[in-house]
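**Student:** Going down the list, the sequences are from chains A and B.
Each residue of the first sequence is one higher than the last, beginning at 1 in the numbering used here.
Each residue of the second sequence is one higher than the last, beginning at 1 in the numbering used here.
In short, the hints are calculated from the structure, not lab data.
Since this is a predicted model, take the numbers as computed values, not measurements.
Worth double-checking, as some hints may not be accurate.
If several chains are the same, the list does not tell them apart, and a pair holds so long as it fits within one copy or across any two.
No more than 30 Å apart at the CA atoms, straight line, and that leaves these computed lysine-lysine pairs for DSBU-like [said to hold, decoys possible]:
#1 Lys-141 <-> Lys-18
#2 Lys-100 <-> Lys-147
#3 Lys-60 <-> Lys-118
#4 Lys-118 <-> Lys-100
#5 Lys-141 <-> Lys-56
#6 Lys-56 <-> Lys-39
#7 Lys-87 <-> Lys-60
#8 Lys-87 <-> Lys-57
#9 Lys-18 <-> Lys-135
#10 Lys-118 <-> Lys-57
#11 Lys-56 <-> Lys-147
2 protein chains.
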Amino acid sequence: MNKSENMKDKQLSVSAIKEGTVIDHVPASALFKVVSILKLDELDTMITIGNNLGSKKLGKKGIIKLSRVFFRDDEINKIALVAPCAKLNIIRDYEVVEKKIVEIPDEIIGIAKCVNPKCITNNENVTTRFTVVSKAEVKLKCHYCEKITNRDELQIT
Amino acid sequence: MNKSENMKDKQLSVSAIKEGTVIDHVPASALFKVVSILKLDELDTMITIGNNLGSKKLGKKGIIKLSRVFFRDDEINKIALVAPCAKLNIIRDYEVVEKKIVEIPDEIIGIAKCVNPKCITNNENVTTRFTVVSKAEVKLKCHYCEKITNRDELQIT
Numbered sequence: 001m002n003k004s005e006n007m008k009d010k011q012l013s014v015s016a017i018k019e020g021t022v023i024d025h026v027p028a029s030a031l032f033k034v035v036s037i038l039k040l041d042e043l044d045t046m047i048t049i050g051n052n053l054g055s056k057k058l059g060k061k062g063i064i065k066l067s068r069v070f071f072r073d074d075e076i077n078k079i080a081l082v083a084p085c086a087k088l089n090i091i092r093d094y095e096v097v098e099k100k101i102v103e104i105p106d107e108i109i110g111i112a113k114c115v116n117p118k119c120i121t122n123n124e125n126v127t128t129r130f131t132v133v134s135k136a137e138v139k140l141k142c143h144y145c146e147k148i149t150n151r152d153e154l155q156i157t
Numbered sequence: 001m002n003k004s005e006n007m008k009d010k011q012l013s014v015s016a017i018k019e020g021t022v023i024d025h026v027p028a029s030a031l032f033k034v035v036s037i038l039k040l041d042e043l044d045t046m047i048t049i050g051n052n053l054g055s056k057k058l059g060k061k062g063i064i065k066l067s068r069v070f071f072r073d074d075e076i077n078k079i080a081l082v083a084p085c086a087k088l089n090i091i092r093d094y095e096v097v098e099k100k101i102v103e104i105p106d107e108i109i110g111i112a113k114c115v116n117p118k119c120i121t122n123n124e125n126v127t128t129r130f131t132v133v134s135k136a137e138v139k140l141k142c143h144y145c146e147k148i149t150n151r152d153e154l155q156i157t
């Protein structure tokens, strides 16, 4: 094995993101749920993910860098369900031009499962739909059966 | 925004992996299926993922670096279902000590869905089980209903 191959293996350096979105301070346990919520597996642009990185705030955190991808507020706020303290850096021309936080929306469509096994959404092909009755405690009220799904019962579809 | 913050945003450099496994040459469309097959969302060790990176061989590829994680052959070979040309670099003390390829196993348990909607595995709580009847063409024969699931019908559970 030659020396340059050695150097390559020592460090995964990712080219600077010229423009795009960095999602930081994702709890490590939520990283792949964020991938699922934002459908990042369907992207064809460059994406870098680090997970279980050390974090003073979170203990362990994840970070996602998305080249040439930007989100509307309603798109990115969905991740607040699982990553309420996530921080967004919007990058243009290699510079951070905007910093944003995420906020749980008032309604959640098609992301979370209803905790009630008898709910129509768990038995028919009906997209889940919830009103957020408590943003602080992440309590979701099902539009169909009206049962409350709590934070610790939350499963991402 | 200060200068050091600027520098941080320009490059995601990940500390050298002292020991672990690098999975390279994963087709971009298969990257998150590999995450699912290997249950990488359940890890608590550091993981770095790049996807849709340029590749002469594959057009676009994904790469996964797993700190302090090693796989038995039977564990890692499962990914050959979706990433038949994946290359593994085993890292010890910052050096590549071994290079491996993956090979589709003879039997696939609990990873793929049976293409037959009437199969018991799609209707009862029964773990899927297949014999690989063609490794070259990725043809899986269901242990229960004996239907063949082809490569293009393959869905990861």
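**Student:** If a hint holds in the structure, say so; if it does not, say that too.
**Tutor:** Cross-check of the supplied hints:
Proximity of Lys-141 and Lys-18 under a CA criterion of 30 Å is satisfied in neither setting, with 41 Å inside one chain copy and 47 Å between copies. Proximity of Lys-100 and Lys-147 under a CA criterion of 30 Å is satisfied in neither setting, with 32 Å inside one chain copy and 51 Å between copies. In this homomeric assembly, Lys-60 and Lys-118 never come within 30 Å of each other (Cα to Cα): the closest approach is 36 Å inside a single copy and 43 Å across copies. Taking identical chains as interchangeable, the C-alpha atoms of Lys-118 and Lys-100 are never at most 30 Å apart, the minima being 38 Å within one chain and 48 Å between chains.
Proximity of Lys-141 and Lys-56 under a CA criterion of 30 Å is satisfied in neither setting, with 34 Å inside one chain copy and 50 Å between copies. Proximity of Lys-56 to Lys-39 under the C-alpha cut-off of 30 Å is found in both arrangements, the shortest distances being 28 Å within a copy and 26 Å between copies. Taking the shortest alpha-carbon separations for Lys-87 and Lys-60, both the intra-copy value of 15 Å and the inter-copy value of 28 Å come in at or below 30 Å. In this assembly of identical chains, Lys-87 and Lys-57 lie within 30 Å of each other by CA distance solely inside one copy; the values are 12 Å within and 36 Å between copies.
For the identical chains of this complex, Lys-18 and Lys-135 are neighbours neither inside a copy (34 Å) nor across copies (42 Å), given an alpha-carbon limit of 30 Å. In the homo-oligomer, the alpha carbons of Lys-118 and Lys-57 never lie at most 30 Å apart, since the shortest distance is 39 Å inside one protomer and 49 Å across protomers. In this assembly of identical chains, Lys-56 and Lys-147 lie within 30 Å of each other by CA distance neither inside one copy nor across copies; the values are 37 Å within and 52 Å between.
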